[in-house]
Amino acid sequence: MKRSIFLLISAILVFLGTLFTTYRYMMQSSRHESDRINQILINEVGRRLNFSLKMQSNAAHSFLTGFFSYKFEGNDTVIYIKNKDLVSFHKDVYEVLEEFVSVNTRICAAMFIIDPTVYPEEGGKCFAPIIEQDIPGRRNIASNLDLHKSISYNYLIKTGYCTWRLPNPKSPIYGKAIIYYVPIYREDGAPFGLFAINVSYDMLHEILDASLPYSNEGSSITLLDDQRNVILSTRDDLQTIDSLDDKENFIYQSKIDGTPFTILTTCTRQAVYLEANRTQRTILLVSGIGMLLMLVCCIVISRQIRRKVLRIAAVEGELQMAASVQKSILKPESLHAGHVRLNAMMRPAREAGGDLYDYVQCDGKVVFCIGDVSGKGMPAALFMTQVVSLFRSIVSKSHRPAYIASHINDVLAHDNPQMTFCTFFVGVFDHESHELTFCNAGHNRPVLITDGQARYLDVRPNLALGLMPGFRYHEESMTLSVGARLLQYTDGVNEARNADGKFYGDDRLLRICAQLQSGDTLEAIIHNVDRFAAGYPQSDDITLLVIEPTD
Amino acid sequence: MKILIKENTAQRALVSLCGELDSQAAETFEKEMTPFIENPVHEIVLDFSELEYISSAGMRTLLLMSRGATQKGGKVSITGMNDNIRQIFKLTGFDALMDIL
Chain A
123 MKRSIFLLIS
133 AILVFLGTLF
143 TTYRYMMQSS
153 RHESDRINQI
163 LINEVGRRLN
173 FSLKMQSNAA
183 HSFLTGFFSY
193 KFEGNDTVIY
203 IKNKDLVSFH
213 KDVYEVLEEF
223 VSVNTRICAA
233 MFIIDPTVYP
243 EEGGKCFAPI
253 IEQDIPGRRN
263 IASNLDLHKS
273 ISYNYLIKTG
283 YCTWRLPNPK
293 SPIYGKAIIY
303 YVPIYREDGA
313 PFGLFAINVS
323 YDMLHEILDA
333 SLPYSNEGSS
343 ITLLDDQRNV
353 ILSTRDDLQT
363 IDSLDDKENF
373 IYQSKIDGTP
383 FTILTTCTRQ
393 AVYLEANRTQ
403 RTILLVSGIG
413 MLLMLVCCIV
423 ISRQIRRKVL
433 RIAAVEGELQ
443 MAASVQKSIL
453 KPESLHAGHV
463 RLNAMMRPAR
473 EAGGDLYDYV
483 QCDGKVVFCI
493 GDVSGKGMPA
503 ALFMTQVVSL
513 FRSIVSKSHR
523 PAYIASHIND
533 VLAHDNPQMT
543 FCTFFVGVFD
553 HESHELTFCN
563 AGHNRPVLIT
573 DGQARYLDVR
583 PNLALGLMPG
593 FRYHEESMTL
603 SVGARLLQYT
613 DGVNEARNAD
623 GKFYGDDRLL
633 RICAQLQSGD
643 TLEAIIHNVD
653 RFAAGYPQSD
663 DITLLVIEPT
673 D
Chain B
25 MKILIKENTA
35 QRALVSLCGE
45 LDSQAAETFE
55 KEMTPFIENP
65 VHEIVLDFSE
75 LEYISSAGMR
85 TLLLMSRGAT
95 QKGGKVSITG
105 MNDNIRQIFK
115 LTGFDALMDI
125 L
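If you read the sequences in order, they're chains A and B.
Just remember that the working numbering sits 122 ahead of the position in the first sequence, which is counted from 1.
Just remember that the working numbering sits 24 ahead of the position in the second sequence, which is counted from 1.
Hints listed in this document are in silico derivations from the structure and should not be mistaken for laboratory results.
What you were told as hints is all true, and nothing was included just to trick you.
Stretches of chain A that chain B covers, calculated by requiring three or more beta carbons in the stretch to come under 8 Å of a beta carbon on chain B:
id, stretch
1, 492-504
2, 539-550
3, 562-576
Here the structure is a predicted model, which is why all the values come from computation and not from measurement.
Beta carbons: idealized from backbone N, C-alpha and C, even for Gly.
Next up, chain A with everything else stripped away, as it sits in the complex (with noise of 0.2 Å):
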């Protein structure tokens, strides 16, 4: 029990151990699909934004060239307006800005802010025509700028850069549009002014909403300004980016080359490691289902176990008693007294089968009996020693082999509902006449030895001990002179078997016998009957008595 609940506890610790590593992994591969895709949403967004902006400003400087001159400086393009297309221009400067708008309806305003030096007819005013898309009418909307000295002027002029722009914080169409300023010279490379479109953030909300379906559950897109301020984003609730928390969301930003803006992904956790989450949950449920079968299975066989060697512990204890009972009852292997030699041998099977032998002196006589009970086991041992007192008892009253044979008989017979019989061969024998009473109980017949021969003694046969109260139990008598030996045997010496199932049997018992010296033990026979079963488990007792008259 402890060494599975020590075995289950190490499966669970390899597994979690395991499955911690595995969670790791897939957490770290969750968040390198999120930096890819991050990155490719990013690339995707600049991408769009860039071109967007970029048609733009291809419209602006295709509809510049036709009043305008490009020269090429080196690396810089330089803008100017001849001297002679001036009056022109500023004639013109309202409906040609009208054609262009009307055609460019993603652009929702255009404008020229002409220097103050320009058309002296404006009253040193600066000049600044406007069309826009949705407001019907021609403005001029600046002629109380002081253009000079205004920083972002002097600067596009000074540089000559054409950029994207965002407006001055006070301008109305902050945080509506974009605004792109090129900047124009004069022939002589005096300042003429600026053109600026105006781009309004729809677009740059379009081309954000269109990106959003490439990136991942719980992304948001933003675009900064370059002061960092949220100029718009997917998710209304960002104002700032202050408000990010990067404990809950991974961001990934880029500046976009060209233009004012930085975008800004953001991404959640929670999102990036969802399916890492699920699959974990997932592996965690069924192995926990896993894991209790596993402890229930434990569980059950080891009580199982537990159970069959708590059986086979009794049963092998109750053995090993059955057989110390057989042992504990049973006289000395040999007497040497008056007369008479008497040797008795028995080995128990490893399951008792009940043998008993037993003698007594008295009278100048020696009574001794052999006999098996039926069965094996605990209930054959206590039967074996209730047969051997028995013997003991009436000892003392009779020597006649018949009335012991009967008194037992009739003890065991009087309750026996097993029907558990004894067979019993009981002799008497007299040290002065050598003559020898017996009564043979439904035992085996005994083998008289006698020069080198062995027979069967024909003895008249009695029912076994304990079946029948009453029965007639007959004696007969011989004699037994020096020189002969008379043997008893229980039936584990001729049913002995070896592995093909083969008795031992008479004959070979009958010829063992013919062979036996006079000093011989019984343990010749016993070794004879070992040689045949070769190995094959003694499955019953084997027990030998043999009396022998001397001098």
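Chain A is fixed; fit chain B onto it per the hints.
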């Protein structure tokens, strides 16, 4: 050991035993025969012609069966016994207890 029920009528059951009736087989035999003993059949005949060996436990089972059947008004008899087994029955005096045909 094999136990073959060759005939089973209200009057008579013929049961053939093949092989060896040792202590293990005796247990099985006892269980198999219980219904015949419990529901008295007029005569239970045990055919021993294929039986090669019988142990003391086997003989005890026969006695128990015989006694059980007698108490219920039935009868157990044995037929076809080989010489070896007949000898054992004779030696133990069982030939007087059992009805041997």
